[in-house]
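Colleague: Turn these sequences into a full structure, and let the hints guide you.
In the UniProt record's numbering, the protein residues as written are 1 to 389.
Hints listed in this document are in silico derivations from the structure and should not be mistaken for laboratory results. Any given hint could be a false lead.
[Stated by the list, open to error] Taking lysine to aspartate or glutamate and the DMTMM-like style, the derived pairs with C-alpha atoms no more than 20 Å apart in a straight line are:
1. K183 to D307
2. K238 to D307
3. K50 to D105
4. K318 to E248
5. K168 to E240
6. K70 to D271
7. K376 to E41
[What the hints assert, rightly or not] Beta-carbon label-pair distances, calculated as ranges:
8. I108 to P346: 17 to 27 Å
9. G82 to P199: 32 to 42 Å
10. N174 to N233: 18 to 28 Å
11. A149 to S314: 22 to 32 Å
12. L42 to K183: 42 to 52 Å
13. N103 to S314: 43 to 53 Å
14. S71 to K150: 42 to 52 Å
15. I108 to G182: 34 to 44 Å
16. N137 to S38: 30 to 40 Å
17. K321 to D138: 32 to 42 Å
18. N174 to D68: 29 to 39 Å
Beta carbons: idealized from backbone N, C-alpha and C, even for Gly.
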Amino acid sequence: MKLIDKHSLFARTIYISIAIIITSIFLTNPHVNAFEFSDIELIGKVTLPKGLTFKNTEVGGLSGITYDGKSNFYYAISDDRGEKAPARFYTFTIDLTKGKLENSDVAIAGVTTLLNTDNQPFPKGQSDTEGIALTNNDTVFISSEGHVAKSINPFIQEFSLDSGQVVKTLSIPNKFLPDKSGKQGIRDNLAFESLTITPDNQHLFTATENALIQDGTAAKSNLGSLCRILQYNLLTNKLEKEFLYQTEPVAEMFNITGRFASGLTDLLALDNQGNFLSIERSFNGLGFLSSLFQVSLVGADQIQNMDSFLAVNSQKFKPVKKKPLLQNLDVLLDNIEGLTLGPWLPDGNRALILISDNNFNSLQTTQIIAFKLKTKSPMNRLLRRLIPR
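Modeller: Right, dumping it as structure tokens:
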């Protein structure tokens, strides 16, 4: 009996030791905590009617989307520069309780006009709102690309969900602001398209859609562009870090017309350890191509002290890591510009929502697309690292 007790005690000690080791690895290793996806599956696509209106506004130009798990509302920002109505965001409901998306599952629940620092709607042409990210304070951050040709600077501001009033403005470093000489700053319509906040609400990220003028060229056929990811600390409201993100080039074989564009249109923070999803969108003159990537900041060089890459070899700097999750998405897509995580689905997987910007063009459509993200078990990932094959 005593021998059995000793063996039992020894076994319990071993089990507890293993549990402590595994727990410590999960707590200290960001690679183990990181999301890792085994598959992505389309579960539905809804196309909004052309010319759809809501409360005397035309619904369109939806370039960013964010999800509130508490209210089950989605907030989508319009990039209307005031041509159709003042700058605004829409409140949507998207019902995924059946584990799929159908036409009857999408409805518009509200529209909120954004107010500038004078507590007035933005004048026509004074904003180009592109990105949106929800906070835990009943507010949203919204990014605007500005208008280079009219010397209107970009902004990143926090707005009240209820009133649309400005709560806070984040400072943007001078190197991102265009100057009159045209030798520095963002390119027109290729600026802060993306916006996301980490789950702990401590950091906000945005990125340039293409390279700053002083960093290199815009994306071309067979040539990507050097974007900058910006990391803000929301406790201090200061820009902390910058990272290099290399976009994919526009494939020359698709560039039939010679009109092309390609860029980083949105980022989505998956955790607090620097893991994201990114969406890149290309236009080849005839149609759109979209690709989804898993992105990690781990190991990437910080570049906030670099004002320009033209005078240095950018290849000496480690960009963020990119891993294709879905390239040339296997569904006919329009101009995809926004993405957000949705609710947990009935089968235990997470929903991913994409949204398209129709540019208020009669030849384009506003799409809301739902995918199922199948994640790999953290334990399986840990065992793969511990047990060689």
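Colleague: Determine for every hint whether it applies to the structure shown.
Modeller: Hint by hint, here is what the structure shows:
{"no.": "1", "hint": "K183 to D307", "result": "12 Å, holds"}
{"no.": "2", "hint": "K238 to D307", "result": "17 Å, holds"}
{"no.": "3", "hint": "K50 to D105", "result": "18 Å, holds"}
{"no.": "4", "hint": "K318 to E248", "result": "16 Å, holds"}
{"no.": "5", "hint": "K168 to E240", "result": "17 Å, holds"}
{"no.": "6", "hint": "K70 to D271", "result": "18 Å, holds"}
{"no.": "7", "hint": "K376 to E41", "result": "14 Å, holds"}
{"no.": "8", "hint": "I108 to P346: 17 to 27 Å", "result": "25 Å, holds"}
{"no.": "9", "hint": "G82 to P199: 32 to 42 Å", "result": "34 Å, holds"}
{"no.": "10", "hint": "N174 to N233: 18 to 28 Å", "result": "19 Å, holds"}
{"no.": "11", "hint": "A149 to S314: 22 to 32 Å", "result": "27 Å, holds"}
{"no.": "12", "hint": "L42 to K183: 42 to 52 Å", "result": "44 Å, holds"}
{"no.": "13", "hint": "N103 to S314: 43 to 53 Å", "result": "46 Å, holds"}
{"no.": "14", "hint": "S71 to K150: 42 to 52 Å", "result": "37 Å, violated"}
{"no.": "15", "hint": "I108 to G182: 34 to 44 Å", "result": "40 Å, holds"}
{"no.": "16", "hint": "N137 to S38: 30 to 40 Å", "result": "35 Å, holds"}
{"no.": "17", "hint": "K321 to D138: 32 to 42 Å", "result": "34 Å, holds"}
{"no.": "18", "hint": "N174 to D68: 29 to 39 Å", "result": "34 Å, holds"}
In this structure, only the earlier hint numbered 14 is contradicted, and the remaining ones agree with it.
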